[in-house]
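Undergrad: Take these sequences, add in the hints, and give me the full structure.
So you can see what is in the structure, the chains are spelled out below.
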Amino acid sequence: MEELKQKESPPKWAVRFFRWYCNDHLSDAVLGDMEELYLRRKKKLGKRKADLLFMWNVLCFLQPFAIKRKSSPQNNIAMFENYLKIAWRTMLHQKMYTGIKVGGFAIGLATCMLIFLFIRNEMSYDQQYANKNIYRLYNEWRGERVGHWTSFPANIHTILKKDYAEVEKAGRLIPFKWFNAGSNLIRRDDKVDNTFEERFGYADNELLDILEIPMVYGNRANALTKPMSIVLSKKMADKYFPNEDPVGKIMILNEDKTKPFEIGGVMDDFPANSHLQFDFLITLANVEFWPGEQTSWCCWNYNAYVKLRPDTNIPDFNNKLTSMKDTYLLSHLEKNGDQSLADEKAHHFFGVQPVENIYLSWEDMGDDHADIRYIYLFGGIAVFILLLACINFINLSTAKSANRAKEVGLRKVVGSFRSYLVRQFLTESLVYSFISFALAIAFVALALPFFNSLAGKQLSMPWAEWWLVPTLALGTLIVGIVAGIYPAFYLSAFKPVDVLKGSVSRGSKNSALRSGMVVFQFTTSIILIIGTFVIYKQMDFILNTKLGFNKDQVIMIQGANTLGDRHEEFKNELKQLADVENATSNNYLPVWGGNRDNNGYWKEGKTKIDKPVYGQHWAADPDYISTLGMKLVEGRNFDEKLKSDTASIIINQKMVKEMGFKNPIGERIGNWRMYTVIGVVENFHFDDMRQEIRPLTFTLDKGGDIVSVKVKSKNMAGVLPSIHQVWNKFMPHQPFRYTFMDESYARMYDSVVRTGKIFACFAGLAILVACLGLFALSAFMVEQRSKEVSIRLVMGASVKNIFRLLTQNFVKLVLVSFVIAAPLSWYMMDKWLQDYKYKITITWDLFAIAGIMSVLIALLTISYQSISAALANPANRLRSE
Amino acid sequence: MKGTYLGEFEELVLLTVGILFDDAYGLAISDELEKLTERSVMISSVHKALVRLEEKGYLKSHLGGATETRGGRDKRLYTLTQAGIKVLNQSRDLRNSMYKQVPKIVWDNGYGRA
Numbered sequence: 011m012e013e014l015k016q017k018e019s020p021p022k023w024a025v026r027f028f029r030w031y032c033n034d035h036l037s038d039a040v041l042g043d044m045e046e047l048y049l050r051r052k053k054k055l056g057k058r059k060a061d062l063l064f065m066w067n068v069l070c071f072l073q074p075f076a077i078k079r080k081s082s083p084q085n086n087i088a089m090f091e092n093y094l095k096i097a098w099r100t101m102l103h104q105k106m107y108t109g110i111k112v113g114g115f116a117i118g119l120a121t122c123m124l125i126f127l128f129i130r131n132e133m134s135y136d137q138q139y140a141n142k143n144i145y146r147l148y149n150e151w152r153g154e155r156v157g158h159w160t161s162f163p164a165n166i167h168t169i170l171k172k173d174y175a176e177v178e179k180a181g182r183l184i185p186f187k188w189f190n191a192g193s194n195l196i197r198r199d200d201k202v203d204n205t206f207e208e209r210f211g212y213a214d215n216e217l218l219d220i221l222e223i224p225m226v227y228g229n230r231a232n233a234l235t236k237p238m239s240i241v242l243s244k245k246m247a248d249k250y251f252p253n254e255d256p257v258g259k260i261m262i263l264n265e266d267k268t269k270p271f272e273i274g275g276v277m278d279d280f281p282a283n284s285h286l287q288f289d290f291l292i293t294l295a296n297v298e299f300w301p302g303e304q305t306s307w308c309c310w311n312y313n314a315y316v317k318l319r320p321d322t323n324i325p326d327f328n329n330k331l332t333s334m335k336d337t338y339l340l341s342h343l344e345k346n347g348d349q350s351l352a353d354e355k356a357h358h359f360f361g362v363q364p365v366e367n368i369y370l371s372w373e374d375m376g377d378d379h380a381d382i383r384y385i386y387l388f389g390g391i392a393v394f395i396l397l398l399a400c401i402n403f404i405n406l407s408t409a410k411s412a413n414r415a416k417e418v419g420l421r422k423v424v425g426s427f428r429s430y431l432v433r434q435f436l437t438e439s440l441v442y443s444f445i446s447f448a449l450a451i452a453f454v455a456l457a458l459p460f461f462n463s464l465a466g467k468q469l470s471m472p473w474a475e476w477w478l479v480p481t482l483a484l485g486t487l488i489v490g491i492v493a494g495i496y497p498a499f500y501l502s503a504f505k506p507v508d509v510l511k512g513s514v515s516r517g518s519k520n521s522a523l524r525s526g527m528v529v530f531q532f533t534t535s536i537i538l539i540i541g542t543f544v545i546y547k548q549m550d551f552i553l554n555t556k557l558g559f560n561k562d563q564v565i566m567i568q569g570a571n572t573l574g575d576r577h578e579e580f581k582n583e584l585k586q587l588a589d590v591e592n593a594t595s596n597n598y599l600p601v602w603g604g605n606r607d608n609n610g611y612w613k614e615g616k617t618k619i620d621k622p623v624y625g626q627h628w629a630a631d632p633d634y635i636s637t638l639g640m641k642l643v644e645g646r647n648f649d650e651k652l653k654s655d656t657a658s659i660i661i662n663q664k665m666v667k668e669m670g671f672k673n674p675i676g677e678r679i680g681n682w683r684m685y686t687v688i689g690v691v692e693n694f695h696f697d698d699m700r701q702e703i704r705p706l707t708f709t710l711d712k713g714g715d716i717v718s719v720k721v722k723s724k725n726m727a728g729v730l731p732s733i734h735q736v737w738n739k740f741m742p743h744q745p746f747r748y749t750f751m752d753e754s755y756a757r758m759y760d761s762v763v764r765t766g767k768i769f770a771c772f773a774g775l776a777i778l779v780a781c782l783g784l785f786a787l788s789a790f791m792v793e794q795r796s797k798e799v800s801i802r803l804v805m806g807a808s809v810k811n812i813f814r815l816l817t818q819n820f821v822k823l824v825l826v827s828f829v830i831a832a833p834l835s836w837y838m839m840d841k842w843l844q845d846y847k848y849k850i851t852i853t854w855d856l857f858a859i860a861g862i863m864s865v866l867i868a869l870l871t872i873s874y875q876s877i878s879a880a881l882a883n884p885a886n887r888l889r890s891e
Numbered sequence: 045m046k047g048t049y050l051g052e053f054e055e056l057v058l059l060t061v062g063i064l065f066d067d068a069y070g071l072a073i074s075d076e077l078e079k080l081t082e083r084s085v086m087i088s089s090v091h092k093a094l095v096r097l098e099e100k101g102y103l104k105s106h107l108g109g110a111t112e113t114r115g116g117r118d119k120r121l122y123t124l125t126q127a128g129i130k131v132l133n134q135s136r137d138l139r140n141s142m143y144k145q146v147p148k149i150v151w152d153n154g155y156g157r158a
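Quick mapping for you: the protein sequence lines, in order, are chains X and E. Following the numbering used here, the numbering of the first sequence begins with 11 at its first residue and continues without gaps. Following the numbering used here, the numbering of the second sequence begins with 45 at its first residue and continues without gaps.
Since the hints were derived computationally from the structure, they do not count as laboratory data. Check each hint, because a few of them may be wrong.
Restraint-style ranges between C-beta atoms, simulated for each label pair [as the list claims (entries may be wrong)]:
no., chain 1, residue 1, chain 2, residue 2, range
1, X, Pro74, E, Gln134, 42 to 52 angstroms
2, E, Glu99, X, Met471, 24 to 34 angstroms
3, E, Met142, X, Leu72, 32 to 42 angstroms
4, E, Glu99, X, Met89, 38 to 48 angstroms
5, E, Met142, X, Leu69, 34 to 44 angstroms
6, E, Ala110, X, Leu72, 21 to 31 angstroms
7, E, Thr125, X, Trp476, 55 to 65 angstroms
8, E, Ala110, X, Val423, 41 to 51 angstroms
9, X, Leu62, E, Met142, 39 to 49 angstroms
10, X, Ala88, E, Ala110, 55 to 65 angstroms
11, X, Leu69, E, Glu99, 18 to 28 angstroms
12, X, Leu62, E, Ala110, 22 to 32 angstroms
13, X, Leu62, E, Ile149, 47 to 57 angstroms
Here's a subset of chain E near chain X, in silico, CB distances under 10 angstroms, partners left out [said to hold, decoys possible]:
no., residue
14, Ala72
15, Ser74
16, Lys79
17, Arg83
18, Ile87
19, His91
20, Lys100
21, Gly101
22, Lys104
23, Ala110
24, Thr111
25, Gly115
26, Thr123
27, Leu124
28, Arg139
With a straight-line Cα cutoff of 20 angstroms, these simulated SDA-like cross-link-like pairs (lysine to any residue) come out [unchecked claim]:
no., chain 1, residue 1, chain 2, residue 2
29, X, Lys78, E, Asp75
30, X, Lys57, E, Gly115
31, X, Lys172, X, Leu69
32, X, Lys52, E, Glu52
33, E, Lys104, X, Ser37
Where is the CB? At the ideal position from N, CA and C, for every residue including glycine.
TA: Here you go:
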């Protein structure tokens, strides 16, 4: 029977489909009709055809008149309209709470967006290369000390191309200040006046190909192949050769007319997010800085970039690279009898790093690169500030729940499901979230210029990107739901009977959770405060510690190398000026912009026995030590009148210690030539304070790029014009360029100062958000206890009593936060300070100040509400009963 | 309101409901129409017209008259309302008066040939 029925009836799924879409009015009747028709057809046409026709009929009914209406859409829209209306009314009704909710949220979001833009920019460095197989070579020292650096001997590129099949292309680069790399005076050969330009580098032609540098004029294949050719950036080409093709034109560097440079091409400006920044690239073709330099393994001054074959296995390649050491370096050392041979053999390794990782690499390669730890740190702070803002939102929503309880009760009584209420509250929080996002975008737009100058970046909202608007929309949705989900479920859970009877205590439920959130907010804030303190104190220490030289009231006249043999004349003329105490000309200065080098030193006769002591070899004239206010602890200064002083050397205390001298005066030390020690200078800082002071020597020499002038009076502005005059007398065609030594010194710590400022900003924002929340909470609490306060006042409580009553809970919470924050921040800042060899000790007073500050801030925040409650006339409050 | 305009097919359906009197349901109407007009009629268009006519107030319906062949399902039985009868009358009167206004000569032999 079943089977029979099965055979006679039309296909079941078609029936089910019809039932699914068809409305109740027609469903039965039409299905009956169709079944009648089906039976009739089956008799006439057979089952198959009847089945097909039945399906056709079902499809034919798929028209608006027969389709089920979704359970009244108009009604749904009406509900949403109602939700929005209620949300709007609640917002207007409680302007302060709304302001704090939305404002706090917006601040949190804006901070997040800024940090996101910042991180995005940091991550975008060197991502522009189409070929991902480009690498830079590095050295690694795996001994007691671990270190990385990137310079290699001059013949590295020929070895790479000859011995390594993996290397498709290899090119060298000199990116640091060395000979003409760095900064120069430059002019067209048909003009007279020089201009000072920076961002010079030496490069092989092949480097242009490896780094895929786009050319505006000239050809990448041969722009730098000719000796003495130079490539300009587009910016510079526009500056010196506006509206013309400068290829083949001649430029003169530093007034050296014997060595004119021919322009081989014009490259596009380097993008801002590239680890390399050059305006001028000078060819390395046929360059030899001194005889034999190009083939010797003595001196490591070249960075090397390679393009590898795509199938290269990097670890294997690194091993192969290191084997280069045995063939070349070790044999070089052996030949010279160098005692560092064993160390080199054991600890020195070579490797390659992808160019796209250079900017954000973990290891310090000596680049001016970002620290990925700061990226993580700032990302973390962004998340925390957003959390603080979300917590405010949740806290305020639940705290004010009593006001909504009646609404919830009533809605339930008239038949609202809990799911509807959840939806209502989520809608509300989405509305808040939407407004906050809009505000946040406005904040970001306002804050970007300020943030850019703070972080030294050019960030902007990437409106042109397709993903921005969807991401913002998604963000609105997620944040709205995350912040709204707890209040939604909390508020919708009220039992109507309790609410309408009035037995729901006015939002006091869950005060433990609320306290927990306040503690969390203040812990975060206090950690940031202490962090800021420590960073600022370390900065202050760096800028004001005893350096071993006097950086104040020193003017550094730049570009003095063009004075040639008139250095002494110029110096003497300066010294005639009334306000000038002393002047020295030099390349090596203990601040930013001074040269650095590294040489091995031995005691006389021990060259092939001892390991070398590495130290700086600085050239100085007799005025150097007195101009910079350094102190000779033993011996004497150079004396111009003594011919023998060209073979004399002054060393610092560190060098004395490393050499193990008891009586350094008269000892003989040297590198490739020997000097007699005539003086010992007190240790002074010439490196970043992250490093220990290293050994250093001075030998007598005259001339240099920079003339440093020590000024007597504090009125620098008054002295400058007279110095300028002297300069113009000597160098009429060269602009007078100067810096102040204390500023150049501070420049060494730019990044620290920057980090400190950014940190202070974030700390301020976090405290602001936390205080907004605390303010609203205290207002709520005062309102909640207004009757109690009034009665107490009537019974004779003093304003002081009331104030204490209302504030002590919050102060307790802040104290708890402090107890949590102190050890955490101590640990974190101790970690940070470990980067520095010379650092402050974290003392208890920092914590005390931070603690007192946070309690004071909290007290100030809540006292307005508390005092106004205590001062209010109790009669007004109690009259309503 | 879409107006009470009566389409040609709607008018035919309305008349068929009148013809079938107490057994006017979808399939029967469809059968009757096919028989009378000698054109094939889609069951879905009949139902569509019925729904619309009911919305316009010319028809009313109730469920009833289930049979074995229908899988035991009720029919939706339609009957004319006063308004339905009125609109049929109006429609017929309009036709008659227009018919009369056509000059005699038109009906004579030969005019319509070309």
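Undergrad: Hint by hint, say whether it matches the structure.
TA: Here's how the hints hold up against the structure:
| no. | hint | verdict |
| --- | --- | --- |
| 1 | Pro74/X / Gln134/E: 42 to 52 angstroms | violated (28 angstroms) |
| 2 | Glu99/E / Met471/X: 24 to 34 angstroms | violated (54 angstroms) |
| 3 | Met142/E / Leu72/X: 32 to 42 angstroms | holds (39 angstroms) |
| 4 | Glu99/E / Met89/X: 38 to 48 angstroms | violated (27 angstroms) |
| 5 | Met142/E / Leu69/X: 34 to 44 angstroms | holds (40 angstroms) |
| 6 | Ala110/E / Leu72/X: 21 to 31 angstroms | holds (25 angstroms) |
| 7 | Thr125/E / Trp476/X: 55 to 65 angstroms | holds (59 angstroms) |
| 8 | Ala110/E / Val423/X: 41 to 51 angstroms | holds (43 angstroms) |
| 9 | Leu62/X / Met142/E: 39 to 49 angstroms | holds (45 angstroms) |
| 10 | Ala88/X / Ala110/E: 55 to 65 angstroms | violated (39 angstroms) |
| 11 | Leu69/X / Glu99/E: 18 to 28 angstroms | holds (23 angstroms) |
| 12 | Leu62/X / Ala110/E: 22 to 32 angstroms | holds (26 angstroms) |
| 13 | Leu62/X / Ile149/E: 47 to 57 angstroms | holds (53 angstroms) |
| 14 | Ala72 | holds (9 angstroms) |
| 15 | Ser74 | holds (8 angstroms) |
| 16 | Lys79 | violated (14 angstroms) |
| 17 | Arg83 | violated (16 angstroms) |
| 18 | Ile87 | holds (6 angstroms) |
| 19 | His91 | holds (6 angstroms) |
| 20 | Lys100 | violated (13 angstroms) |
| 21 | Gly101 | violated (16 angstroms) |
| 22 | Lys104 | violated (13 angstroms) |
| 23 | Ala110 | holds (7 angstroms) |
| 24 | Thr111 | holds (8 angstroms) |
| 25 | Gly115 | holds (5 angstroms) |
| 26 | Thr123 | violated (14 angstroms) |
| 27 | Leu124 | violated (18 angstroms) |
| 28 | Arg139 | violated (28 angstroms) |
| 29 | Lys78/X / Asp75/E | violated (27 angstroms) |
| 30 | Lys57/X / Gly115/E | holds (17 angstroms) |
| 31 | Lys172/X / Leu69/X | violated (75 angstroms) |
| 32 | Lys52/X / Glu52/E | violated (32 angstroms) |
| 33 | Lys104/E / Ser37/X | holds (17 angstroms) |
Consistency with the previously given hints fails for numbers 1, 2, 4, 10, 16, 17, 20, 21, 22, 26, 27, 28, 29, 31 and 32, ordered from lowest to highest.
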